[in-house]
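Go ahead and model the full structure; you've got the sequences and the hints to work with.
Chains as they are written, first to last, in our numbering: chain A, 1 to 295; chain B, 1001 to 1301; chain C, 2001 to 2352.
Treat the hints as calculated values from the structure; they're not laboratory data.
Since the model is a prediction, treat every value here as computed from it, not as a measurement.
For glycine and all other residues, C-beta sits at the position ideal for the given N, C-alpha and C.
Heads up, a few of these hints could be off.
Claimed, not checked - Derived Cβ-Cβ restraints for the label pairs, each shown as a range: (1) C:Gly2184 with B:Thr1105: 38 to 46 Å; (2) C:Thr2171 with A:Pro215: 43 to 51 Å; (3) A:Lys124 with C:Gly2184: 56 to 64 Å; (4) B:Thr1247 with A:Val134: 27 to 35 Å; (5) B:Gly1160 with A:Phe72: 53 to 61 Å.
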Amino acid sequence: MALVTQPTPEGTGVPMIRGDAAKPGRGRRFGRIGPNLVLIAAAIFFIAPLVSMTRFALQKVPMPLLHWSTIFDKWSFSALTDAFREPSFSDTLLLSLRLAFGTVVVTLALLIPTALFVHLKLPKARPIVEFLTVLPYVVPPIALVAGVAAFFRPNARWFLNSNYSLIPFYVVMALPFTYRSIDAGIKAIDVRTLVDASRSLGASWPSTLRRALLPNLSASIISSAFLTTAVVLGEFTIARTLSKQTFPVFSFDYFGRKAQGGIALALFTLVGSTALLGLFTLLTRRKSRRQTTRF
Amino acid sequence: MTAELIEVEGGRTKSAAPKAAKIRSGTAWFGLLPFLLFLGLFLVLPTYGVVRKAFIANDGSYTWTGISDAISKEGAAFRTSLKVSIVTALLGVVLGTLLAYAAATATRPKWLRSLVSAFSGVAANMGGIVLAFAFFTLLGRQGLGTKMLNNIGYNLYDTGWFDLTGFWGWSTVYMYFQVPLMVLVTLPAIDGLQASWREASSNLGGTTWTYWRRVGLPILAPSMLGGFLLLFANAFSAFATAYALNTGSNLVPVKISFFLQGDISGRSPMPFALATWMIIIMAVSMGGYLFLRKRAERWRS
Amino acid sequence: MSALTYSSVRKTFGPTVALEGLDLEVHDGELISLLGPSGCGKTTALRIAAGFERADSGTISVSDADITNLPPHKRNMGMVFQSYSLFPNLTVAGNVEYGLRTRGIPKPERHKRVGEMLELVQLTALANRYAHQISGGQQQRVALARALAIQPQVLLLDEPLSALDAKVRATLRDEIRRIQTELGITTLFVTHDQEEALAISDRVGVMSNGNLEQLGPPTEVYRHPSSAFVARFVGSMNELPAVVRGPDAVAVGGYVVTTPAIGRREVGEPVLFLVRPEDMSLGNGEAAGISGTVTGRTFQGAATIVAVRLDVADSLVAVHSSGSAATHLSPGDRVDVVIDGARGVCETPVSA
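Listed below in C-alpha cells is the structure:
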C-alpha cells in the first residue's frame, strides 16, 4: 500500500506552520465585542418605538417643548381615559373580545378533534393536513378579504351583514399557529399510549377525552387560545375592508381625530396583549409543574 | 399484577387492531370532513372566487386582460412592493442572523437567549397599526427619535432620503417584524452548529474565516435562503402597517384594499387580478421556503 | 526523542482544578491512553494539547518545540471527536480533503492522499456519501481518515468510541490500533472505558481529580495498581475488611491471606483488602477457604461470576469461576472461597 509515510513534521508535503509560538492566543473577550454591539443595537431599535409611544400617549408635552427640564412634566392617563369615554370604545372593544372568544371556541372545536383524529386514526393524512394548515400563508388576509368580496358578497350577502361573519376568517388566519401548537402538544404526550391506557382501564371515549387527553393538552390549548386572541385583537385588514367596527378599526379612526388618543389606545392594546401573554405563560408554567410532579 | 396488566393490554391491542384497520379503509376520512369543509368554505372557495373574478371581463366572458392590466396599470405598485420586500428581506436575513448568532452564543446573562427568542415570537407577529403608530411617535416629523437625532446634529428629514411614509420609512418599520421573524427561522439552525465542527476545522488548520466559508455558512445557507423567501412573502403581503403609515401607499396590498373599497359593485377585475398575482407570488416563495426548510433539517439528526 | 510532552501543566476552571500540574511524555510512535472517570481532567489534557484550552501554567511541547501558545490551527495535530463532528455539508472525500485544502496542497496530490486515506480506513466505496447517509462507525472512521490526512505529528482521540454500540466499538478499537501501529503515529487516547484502554495502549495513564495516579503498561496497571483508586477503576475489585497479621499477611475473619501489599502497616491495623474476582476461586475441599452462601450467579460465556456472601465480615464478593462446577450452583448453596493474595491491594479504611 502506498501509504502515508512516517508522519514526521518536516520533509513531507505538509507544511509545518511554526515559528510564532510565543505569540499569545487571541483573547476570548475580544471575540464578544461584535455580538455585544449587535445585541445593544437590537435592544435600542426594538425598545425605542415602545418608549416613544408610551411617552406620546401619556405625556401632554408637545414635542417642540420636550426638553430635559420638561421630561417629567404633565404625565397623565387623560388621553386614555378620554378615549375610554368615547361611546364607540366599549362597543368596539366588546365586539373584538366577543370575536376573539368566538374564534377561540371555533378553533378549538375544529382543531382538537381533527388533530387527535389524524394522530390516532389517520396518520397517513398528516402531511396533507399539515399542508392545508400552512395554506393561509399563501392567501394572506388582504387576498382572503378579496376572496370574501368575490365569493360571499354576491352569493351570501346576509352572511357578511353579521359582525360575527369575521370569526371563520379569523380562524383561518390563525390556523398555521394554532394547529402547530395543538399538534405539538399531542406529539409531546404520546396520545396513543394515553388512549390505550385509559381505554384498557375501562374508560369510554368521551371520558377518555375529558379526563385523560384534555388535561394533558391544556398547555397547548391555552397557548393556541392566546395566539388566537392576539391575532383577533390586532386584526385590521379584514375588518377594515369589510367595514366592521372592531377595536383596531376604531383605534385607527380615533387616531385620525385625536392622534394622542389613538396612540394611547394602541399602547392599551399592546399592554393588554402582553399582560395576556404573561398570564398565559404563568398558567402553562404552573400546569407543566403540576404535570411533572404527577408523573 | 403487572403481568395481568400486560396481558389485558396485549389482548386489547389484538382485538382492536382489525377494527382499526377496518375503519382506516374508508370511513376514516370522514373524521376529517368538518375540517375539510371548513377550509373549503372559508379558504378555498374565497381563493377560487378571487382567481375566477380575475379572469372575468365586464361582459361575463373569460379574459386575460384583467391579469395583464394588473401588471401594466399597477406596475408602479408592484415595483415598490417588490423593492420594499426584497430590501427588507435582505436586511432582515443579515441582521436577523447576526442577532440570532449573538443571542445563541451569549453566555453572560443566562436569560438573554430565551428573552430574545420570546420577544422575537411576539414582535414577528406585531405588524398592524400598533407598530405603525409606535414608529410614528419615534421617527415621524415630530418623533422622539427624530428630535434626539436633531439634538446631536443630524436632521433626518432635511437629508431628503428618509420619510416615515416613504420607502425607507416603510422599510424601517418592516424591520421591526422582519428581523424577529428571521431570528425565529435561523436560531434553530445556529443552535445546530456544533462547537466541535469549529474545533475540527481549526484542528485541521482552518482559520475562523475558513470555518465560516467552508462549513458554517454552507450549513446555514438553506435556512438563510428559506428565511429570505419567508421574509419576502411576509413583507409583500403586509397590509395594515403600510396602510396605517400612509393610506395612499403605492403598495400592492394597499391597492387591493383601495380598489375593493372603491368599487362596491365588484365589477372591476382589478383587485382580484392583483390578489391573484399576490397569491401566485406567495405560493412560489412559500413553496420555496418549505422546500429549503426540509433541506436545512436534513443535516440535523 | 519524545513526541508530546506535558510539563507541569495546570488548568483550572473557576474554582475547579482540572489539571494539577500534569507531567507526561508520550514517546514517538507510542499510544498512551488517559483513563479516568468523567471530570478527572483527561479531556482537558487532550484539549490543551489540541490548543482548544490554554494551560494556566506549565508548557506543552511537540518534538522539543514549545507549542504552549500556538493557536489550534497552527498546531499540526489530528483530532478525532466523540461526536464524530464530520462537516455535514461535505462528502466523505470532502471531509478528508478539508485539512489538505487549508494547507494549500495542490489538487492532484490532495486527491491522491484522500484516496490513500479512504483505503486505509476501508471506506473507498463511500467517498461521495454525506455524513447523514453513513453509520456511526463509518463516520468515525472518516473522522479518523480526516485527522490522519494532514499527516499530524500527534493524533488525539477524544473518547472516539463511546458513542458507538458494543460490537462496532470493538472492531473500530482494533482498527485504530492497527492503523496507529502501521503509521507509527504518536497517539493520545482519552477514554473512560478501562477495557478499551487496556486493549489497545502501549501505556495507560489513570487519572483522578486532575492527577495522574499511575502510568504504566496495561498489564502493570491491572496487576499492580499503585493505589486503591486505580485498583477499583481498572477492572473490578472485591473489598474485604481485614486486619494486618504480619509483614506479608492479612486476616479476613479467621482466614489468613498471604500478600505483598502490606507496606509499612503495623500488625493489628485494620485495612480494606482488595482482591480481583479472578484471584478468588471456589474451594474444592482441598485447601481451606472462607465459607459463605451463594446469593447469585451470572453466566458470562467463558466464565461464571458467582456472588457469595461470606460468613465472616459479612461481605458480598464476586468470584470468578471458569469450571463447570459453578454452573450448578444456586442461591443458598454453601461454598468455600479461596483467596490468592499475590495481587491484592491494601487500603486504610476511612473511619466514620
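So the hint says 53 to 61 Å: do the beta-carbon atoms of B:Gly1160 and A:Phe72 match that?
35 Å, violated
Determine whether the Cβ-Cβ distance between A:Lys124 and C:Gly2184 falls within the hinted range of 56 to 64 Å.
57 Å, holds
Taking the Cβ atom of C:Gly2184 and the Cβ atom of B:Thr1105, is their distance within the range 38 to 46 Å?
40 Å, holds
Does the Cβ-Cβ separation between B:Thr1247 and A:Val134 fall within 27 to 35 Å?
Given range 27 to 35 Å: holds, Cβ gap about 31 Å.
Regarding C:Thr2171 and A:Pro215, is the given constraint of 43 to 51 Å on their beta-carbon distance met?
For A:Pro215 against C:Thr2171, whose Cβ atoms are near 49 Å apart, the range 43 to 51 Å holds.
Hint 5 alone, counting from the list given before, is not met by this structure.
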